[in-house]
Amino acid sequence: MTDAKKQQGARLSEAEAIERAKQGDAEAFEALYNLHKRRVYSLCLRMTANTAAAEDLTQEAFLQLFRKIGTFRGESAFSTWLHRMAVNVVLMQLRKKGLPVVPLEENIETEEEAPRKEPGADDPRLAGSIDRMQLQRSIASLPPGYRMIFLLHDVEGYEHNEIAEMVGCSIGNSKSQLHKARMKLREILKTSRAEKATKP
Amino acid sequence: MTCEEFKRVLPELGSGHGIEQEEHLRSCCACSDLVADLNAISKEARFLKGSEDPSPWVWNSIEVALRQEGLIRQPQLQHLQTPAPMLGWRLRWLVPLAATLLIVFGALIYQRGTGQPQTAQQPSPPAGVVTANLQPTDVMGGEDLQLLKTVSERSPSMRATYEADLRSVNAYIRDAEQSAHSDPNDEVAQQYLRNAYEQKAMVYEMALDRSLP
Chain A
214 MTDAKKQQGA RLSEAEAIER AKQGDAEAFE ALYNLHKRRV YSLCLRMTAN
264 TAAAEDLTQE AFLQLFRKIG TFRGESAFST WLHRMAVNVV LMQLRKKGLP
314 VVPLEENIET EEEAPRKEPG ADDPRLAGSI DRMQLQRSIA SLPPGYRMIF
364 LLHDVEGYEH NEIAEMVGCS IGNSKSQLHK ARMKLREILK TSRAEKATKP
Chain B
153 MTCEEFKRVL PELGSGHGIE QEEHLRSCCA CSDLVADLNA ISKEARFLKG
203 SEDPSPWVWN SIEVALRQEG LIRQPQLQHL QTPAPMLGWR LRWLVPLAAT
253 LLIVFGALIY QRGTGQPQTA QQPSPPAGVV TANLQPTDVM GGEDLQLLKT
303 VSERSPSMRA TYEADLRSVN AYIRDAEQSA HSDPNDEVAQ QYLRNAYEQK
353 AMVYEMALDR SLP
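As they're listed, the protein sequences go chains A and B. Count along the first sequence from 1, then add 213; that gives the number in our numbering. Count along the second sequence from 1, then add 152; that gives the number in our numbering.
Hints in this document: simulated from the structure, not taken from any laboratory. Remember, predicted model here, so these are calculated numbers, not experimental data. A portion of the hints provided could be inaccurate.
[What the hints assert, rightly or not] Example chain B residues on the side facing chain A (calculated, C-beta under 8 angstroms, incomplete): (1) Glu164; (2) Asp185; (3) Lys201; (4) Asp205; (5) Leu218.
Each residue gets a CB set at the ideal place from its N, CA and C atoms; glycine is no exception.
Same shape as in the complex, but just chain A:
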């Protein structure tokens, strides 16, 4: 597509693009894709930690969306509809691999999950010293269930009632998993910082 056509697509509002996509307009499909590709891909990438898998899931999410675009009535935000589809695609992939998405029990905390209580001097606060690359690596090391809730809430900005609907859990479970994810990240980041401090 020429640059002129790309710019024309960018000038399409989302509502216009949706209506034209329903008529089979290629530029409209591409405009919708360009508007949302980054957010969908980032979610898939953070869930899979693999660019090839993330691209496949991104493709699948958009294809599912575009196949159903004729049924979109504007009752919810288009972006919410799309991201819900992306989350479903990711969840199906995780379930195919047999990975637990969200634990059913809210309060079970295994010995591995419990924050370690180590004696020693007080750690300084993390605030102001979080390395973004280290945070990305730490998120990638979270269990899939914690990772999904953390990404949807703290990265993507969804509320707990929306997350609960997307992943099929209770609001209380969503809050609990988010808290555990943050606690686990805190532990990983502090450990990483302590290791760096001891290196010559």
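Could you slot chain B onto chain A? The hints should help.
For chain B alone, kept in the frame of chain A given last:
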């Protein structure tokens, strides 16, 4: 309120704290530090939102699938008319370029598959007569079969995906060729043919990148 009681209700608090929790935070450095750390993590995470782009291959694959499924329909001519009188000339120059890309990828695959330098290779069609001399690409050509063979050897699980992609893009090329043959002066048809070749070149590039160990 004890620290244990505070930590028990912490998941439910969200961004707001009650009076009892506020009083505890004022008197307890450990819980205060904990809340500050968790808030810092949450705040930093917001900057990670939507920071990467997928490769151009993703859109191309989506477009191929949408065309194959009939969800993309031919646009009205008035959407694609351009005022630039040179557009047809630019398009004609790009069509043999895209075809050359295909032939180059085919040569690469042949060379990788046999380990021999290329000896017998069809000469590139002369510029300007590509659209007139191309054969319909309904059936998989030798280069396509060689590509699939290479993918099968290196990444067997991907073969079915690439075979489906090649069939889709070959059908797209066939349709675009028919349009271009029926009216060589049709600039829209020329552009579609260029897009079709570019997409096939993209499939080849992707297959070679992804199937390499």
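Consistency of the hints with the structure:
{"no.": "1", "hint": "Glu164", "verdict": "6 angstroms, holds"}
{"no.": "2", "hint": "Asp185", "verdict": "5 angstroms, holds"}
{"no.": "3", "hint": "Lys201", "verdict": "5 angstroms, holds"}
{"no.": "4", "hint": "Asp205", "verdict": "6 angstroms, holds"}
{"no.": "5", "hint": "Leu218", "verdict": "6 angstroms, holds"}
Violated hints for the displayed structure: none, as all numbered hints are satisfied.
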